[in-house]
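S.K.: Each residue of the sequence shown is one higher than the one before, starting from 943 at the first, in this note's numbering.
In case anyone wonders, no lab produced these hints; they're calculated from the structure.
Please read all numbers here as calculations on a predicted model, not as lab measurements.
Among the hints, a few may not be true.
Derived CB-CB ranges, DEER-like [as the list claims (entries may be wrong)]:
hint, residue 1, residue 2, range
1, 1143, 1194, 30 to 36 Å
2, 1130, 991, 21 to 27 Å
3, 1238, 1052, 32 to 38 Å
4, 1143, 1163, 22 to 28 Å
5, 1105, 1167, 57 to 63 Å
6, 1208, 1132, 35 to 41 Å
7, 1207, 1150, 20 to 26 Å
8, 991, 1026, 22 to 28 Å
9, 1061, 1208, 42 to 48 Å
10, 1183, 1250, 18 to 24 Å
11, 1040, 1150, 44 to 50 Å
12, 1284, 1052, 47 to 53 Å
13, 1130, 1152, 43 to 49 Å
Cβ atoms here follow ideal geometry from the backbone N, Cα and C, with glycine treated the same way.
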Amino acid sequence: MAARGGYAVVIGVFFFWGHLVSFRLLFLLLLVGLPSTLTWAAPVQQEFSNWQVTCNNQNFCVTRNIGLHHGWVMSLTRSAGAHNDSTLRIELGGPENVLPKISPIAPRLLLDGSPLKLVGEHWQITPWHLSTGDSPTINTFLQHIQDGQALTLENGTQSISLQGLKAALLFIDDQQKRVGSETAWIGKGDDPPLSVPPAPALKAVKKVNPTPTPFSREEFNDLLDYGTWRMNNSQCSLDPLRREVWVTPLTDDKALLMLTCESGAYNTIYRAWLVSRQKPFAAQPIRLRLPFLPQEKDERDIELVNLTFNDKTRELETLDKGRGQGDCGVQTRWRYDGQRFRLVRYAGQPACDNWQGPDAWPTLWITR
943 MAARGGYAVV IGVFFFWGHL VSFRLLFLLL LVGLPSTLTW AAPVQQEFSN WQVTCNNQNF
1003 CVTRNIGLHH GWVMSLTRSA GAHNDSTLRI ELGGPENVLP KISPIAPRLL LDGSPLKLVG
1063 EHWQITPWHL STGDSPTINT FLQHIQDGQA LTLENGTQSI SLQGLKAALL FIDDQQKRVG
1123 SETAWIGKGD DPPLSVPPAP ALKAVKKVNP TPTPFSREEF NDLLDYGTWR MNNSQCSLDP
1183 LRREVWVTPL TDDKALLMLT CESGAYNTIY RAWLVSRQKP FAAQPIRLRL PFLPQEKDER
1243 DIELVNLTFN DKTRELETLD KGRGQGDCGV QTRWRYDGQR FRLVRYAGQP ACDNWQGPDA
1303 WPTLWITR
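Full structure from sequences and hints, please.
M.R.: Written as structure tokens, this is what we have:
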């Protein structure tokens, strides 16, 4: 009877305070019951005219101009949350520019053909690099240029198109749930900074056996023979004379076996196995599966393209080049957790514009 009386009191409270209180309580109960995976930000990469935006699983966003910029690029980064952790950089570089022979850019800045002065004391200025991490300075600069057509240099061919910049900034505002808050770049409102959700918790992938026992000479030779047998009995299109085998210790009881299988102009497809270090050898094929589905992809499994293993980081790396220069494509890094390889970094650069190498591509997924 006591329990039933308690339930009656709770029900009475709901009706006494009316629908508003009950809806709020139910909403809180629903939040408690939500699976934790819903707190992760969905990685996204999108283009707006001449601007590209990338936001990773931490809701860290970066945007920059792409296309025919001739080695002159403006980029903005912003972290999630109430704090104004953002940067703005304008850089001259790339293979088209022989920097020692080029005049400093700050005195030659033009906005739609008219001189553009950098307002404020928080700019870091070097001959070919302008940057600031001061939020008021960034906001003032963006408000001044966001409706323009292009930033150019006096007596120069370089051009930063501003077509799509405003849409890119609004996209970041929306992705980070800033629209309507004081911290928004475009969709400003009166909501306080603390109304902006914080960054999701950063997922960790543990390292297992970071210093495995090295191979003995006999163990290495036996595993290499096994790898050669695997290579000769695999259905690969690569010329047998061009096929190669690698074997390295992964843990004290497992080895990593990799072999080349197919090859194009600048990408080579590998096959790989986890192999027991003791005879009789038992092999398990390695399949790399993403924790998210990239845009314009039909599946989460990825090919082992230009596969390498970094002995220092103990990570498996792939590099799927969009073209031979290696200025676009997808780079991934994976860490073995004792059962399988898990993604620790996914970086992608769809625009092939001679600006960055793989290590500088924007990330869609990171871990610690």
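S.K.: Determine for every hint whether it applies to the structure shown.
M.R.: Against the structure, the hints come out as follows:
1. 1143 <-> 1194: 30 to 36 Å: holds (32 Å)
2. 1130 <-> 991: 21 to 27 Å: holds (22 Å)
3. 1238 <-> 1052: 32 to 38 Å: The hint (32 to 38 Å, Cβ to Cβ) holds, given that residue 1238 and residue 1052 are roughly 36 Å apart.
4. 1143 <-> 1163: 22 to 28 Å: violated (46 Å)
5. 1105 <-> 1167: 57 to 63 Å: Between residue 1105 and residue 1167, where Cβ atoms are some 60 Å apart, the hint holds.
6. 1208 <-> 1132: 35 to 41 Å: violated (52 Å)
7. 1207 <-> 1150: 20 to 26 Å: This hint is violated: roughly 36 Å between Cβ atoms.
8. 991 <-> 1026: 22 to 28 Å: The hinted range 22 to 28 Å holds for residue 991 and residue 1026, with Cβ atoms some 26 Å apart.
9. 1061 <-> 1208: 42 to 48 Å: Since the Cβ atoms of residue 1061 and residue 1208 sit about 45 Å apart, the hinted range of 42 to 48 Å holds.
10. 1183 <-> 1250: 18 to 24 Å: holds (22 Å)
11. 1040 <-> 1150: 44 to 50 Å: holds (48 Å)
12. 1284 <-> 1052: 47 to 53 Å: Given range 47 to 53 Å: holds, Cβ gap about 48 Å.
13. 1130 <-> 1152: 43 to 49 Å: Roughly 48 Å apart at Cβ, these two residues keep to the hinted range, so it holds.
When each numbered hint is compared with the structure, violations occur for hints 4, 6 and 7.
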